[in-house]
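Peer 1: What follows is each chain in one-letter form.
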Amino acid sequence: MSIAEANKLIPHISRVVDYQVTSRGLLESQLFPVTAYICVSFYNSYDILFNILKKVSEKTTPERMGRESRKILSELHAMTIFYIPLYYMCGRMGEIFANKGDPRSEPKEKREQTAFILDFWKRLASSYFPGGKLTVYDSNWENLALNQSDIDWVKEQIIDITPEEGAKIKRVMTNLEVYAFLDECEARAKLCDHGPYKIGKDEILVFSEILHIYDGGKPHFPWSATEAKAPYSNIACAYRLKGVKAKFDDFSTMTTEPVDYTEKITGVALFTRKGDKVEPLDLDVLEAFNEFAQSAQAELYMRFSEWDKRQRLIAGAFAYCYGYARYTNFVGITDKIDWNLTERTMKKYVPYFMENDFDPAIPRLFRSEEEKKDDPSLYYIAQD
Amino acid sequence: MSYKKIAEGMISCEKNAEGQLVVIKTVQDVVSLLKSGPQGKIPVVQDAGTTTLAPVLSRVSGVVCLSGGLGAHLAIVTREFGIPGLMGTEIRYNGELNGKKAKIVALGGSKGELYILEE
Numbered sequence: 167m168s169i170a171e172a173n174k175l176i177p178h179i180s181r182v183v184d185y186q187v188t189s190r191g192l193l194e195s196q197l198f199p200v201t202a203y204i205c206v207s208f209y210n211s212y213d214i215l216f217n218i219l220k221k222v223s224e225k226t227t228p229e230r231m232g233r234e235s236r237k238i239l240s241e242l243h244a245m246t247i248f249y250i251p252l253y254y255m256c257g258r259m260g261e262i263f264a265n266k267g268d269p270r271s272e273p274k275e276k277r278e279q280t281a282f283i284l285d286f287w288k289r290l291a292s293s294y295f296p297g298g299k300l301t302v303y304d305s306n307w308e309n310l311a312l313n314q315s316d317i318d319w320v321k322e323q324i325i326d327i328t329p330e331e332g333a334k335i336k337r338v339m340t341n342l343e344v345y346a347f348l349d350e351c352e353a354r355a356k357l358c359d360h361g362p363y364k365i366g367k368d369e370i371l372v373f374s375e376i377l378h379i380y381d382g383g384k385p386h387f388p389w390s391a392t393e394a395k396a397p398y399s400n401i402a403c404a405y406r407l408k409g410v411k412a413k414f415d416d417f418s419t420m421t422t423e424p425v426d427y428t429e430k431i432t433g434v435a436l437f438t439r440k441g442d443k444v445e446p447l448d449l450d451v452l453e454a455f456n457e458f459a460q461s462a463q464a465e466l467y468m469r470f471s472e473w474d475k476r477q478r479l480i481a482g483a484f485a486y487c488y489g490y491a492r493y494t495n496f497v498g499i500t501d502k503i504d505w506n507l508t509e510r511t512m513k514k515y516v517p518y519f520m521e522n523d524f525d526p527a528i529p530r531l532f533r534s535e536e537e538k539k540d541d542p543s544l545y546y547i548a549q550d
Numbered sequence: 025m026s027y028k029k030i031a032e033g034m035i036s037c038e039k040n041a042e043g044q045l046v047v048i049k050t051v052q053d054v055v056s057l058l059k060s061g062p063q064g065k066i067p068v069v070q071d072a073g074t075t076t077l078a079p080v081l082s083r084v085s086g087v088v089c090l091s092g093g094l095g096a097h098l099a100i101v102t103r104e105f106g107i108p109g110l111m112g113t114e115i116r117y118n119g120e121l122n123g124k125k126a127k128i129v130a131l132g133g134s135k136g137e138l139y140i141l142e143e
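Chains A and B, in that order, are what the protein sequence lines are.
Here my numbering runs 166 ahead of the position in the first sequence, where the first position is 1.
Here my numbering runs 24 ahead of the position in the second sequence, where the first position is 1.
Simulated from the structure, these hints should not be mistaken for laboratory data.
Watch out, some of these pointers could steer you wrong.
Here are some chain B residues the structure puts well away from chain A; computed CB gaps all over 10 Å [claimed, not checked]:
| hint | residue |
| --- | --- |
| 1 | T50 |
| 2 | D71 |
| 3 | E104 |
| 4 | F105 |
Below, a list of computed lysine-lysine pairs in the BS3-like style, where the Cα atoms sit at most 25 Å apart [to be verified]:
| hint | chain 1 | residue 1 | chain 2 | residue 2 |
| --- | --- | --- | --- | --- |
| 5 | B | K39 | A | K475 |
| 6 | B | K39 | A | K334 |
| 7 | A | K220 | A | K274 |
| 8 | A | K221 | A | K276 |
Cβ coordinates follow ideal geometry from the N, Cα and C atoms, glycine included.
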């Protein structure tokens with residue numbers, strides 16, 4: 167991809183990033199300095215992503231990754247594909263902003279790397295999303311992560327349930343989501359909602375998936391090992407809903423009309439992935455998942471409560487950037503990558519964000535449409 | 025004794041809740057709440073993330089949050105738990121909130137109010 171072609175993408179990517187950040191808002195927590203560690207991770211991503219994607223490209227193509235990631239409980243999905251433009255390009259935005267907002271301050275080598283990264287992302291995204299789209303934003307707010315053959319198979323596994331049973335199942339899944347937020351330092355990284363898959367008149371399937379749950383195997387993060395152990399390391403819950411409209415976004419989050427769809431759940435199926443195989447699970451497994459979630463939440467909370475701010479800042483940034491392990495896992499090179507924050511990040515950005523909660527470039531995302539018209543949030547790449 | 029309205033906001037699900045207010049300012053406040061028992065409590069928090077209240081969220085009656093909107097993690101999770109999360113609210117009360125008996129009232133249209141019982 168030439169720099170000119172990359173520059174045609176940048177206004178569109180900027181719009182999607184602007185939309186996602188401004189509609190979600192900036193999240194904070196007493197437990198983690200969320201905005202601060204996100205900013206650290208953006209700068210770290212600017213340092214590391216090119217080398218990661220270059221190594222991945224030596225073993226596969228983004229097209230293959232996109233096609234083969236359309237499946238239940240995939241590590242690569244709408245949000246983790248969005249990590250490429252979101253983290254890297256926001257880190258780049260911060261660097262350029264700090265250099266008087268002049269895109270020519272980006273070294274030529276980095277400009278070429280940026281074009282490479284955007285090319286990788288475009289080829290990956292357009293192979294993943296139906297119709298060659300690049301994001302959920304472009305796909306009429308549908309996050310269709312599965313092919314029809316998988317939908318047909320899932321339909322066969324759905325069992326009828328009452329709304330009361332649906333409410334119980336939702337509570338367990340939500341308890342697991344809270345665990346997921348904790349282990350990921352407030353990030354949504356383990357979570358993926360996708361759909362809606364139309365299966366009948368006024369009937370849809372939607373999925374709620376959770377990956378990298380601690381089941382006693384290799385901990386996802388250095389802090390993830392708890393006394394409590396889940397029965398499986400991942401779970402997908404497919405809900406059959408009647409009379410519900412569902413919308414999705416590029417953080418793989420679902421919103422519904424009506425807002426509370428519990429009474430509209432008519433059926434459910436549970437699945438887990440073991441390597442290449444997806445297996446149905448009995449609903450009885452939810453009790454063990456619920457016990458795990460409650461215990462693991464308390465264990466992780468007590469663990470983090472003893473850490474100081476610097477430890478939590480570094481953990482959050484590490485966790486965010488480890489999101490790129492989904493790419494290296496695809497080609498089996500994750501253990502060959504040093505995932506620690508770079509020396510530059512540790513020396514420059516960790517100290518800065520210990521004292522500052524907020525990057526000065528972030529307000530660029532909140533400017534008016536008029537201001538962004540000729541100056542998209544994520545800056546064009548300078549062409550000499 | 026009567027209930028006095030002290031705040032309004034966006035509500036994450038159309039349900040009412042009653043309970044005792046617990047003002048959360050630090051992680052240690054949450055640890056204390058976890059140990060003393062979160063049932064029947066309504067935490068009041070500043071932050072719209074999920075992790076502040078993570079180990080107690082499934083057991084409290086409702087949540088009051090002084091920031092964030094319906095897209096915030098806390099709003100999403102309270103909605104999924106089926107408990108009301110009153111988001112982006114500003115409390116108009118100068119007295120001590122801790123321990124006050126309170127209720128969150130859903131008004132429809134994703135709007136809600138917070139009342140406290142005053143002597």
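Peer 1: When the structure is checked against the list of hints, which entries are broken? Sort them ascending.
Peer 2: When the structure is compared with the hints, numbers 1, 2, 3, 4 and 5 turn out to be violated.
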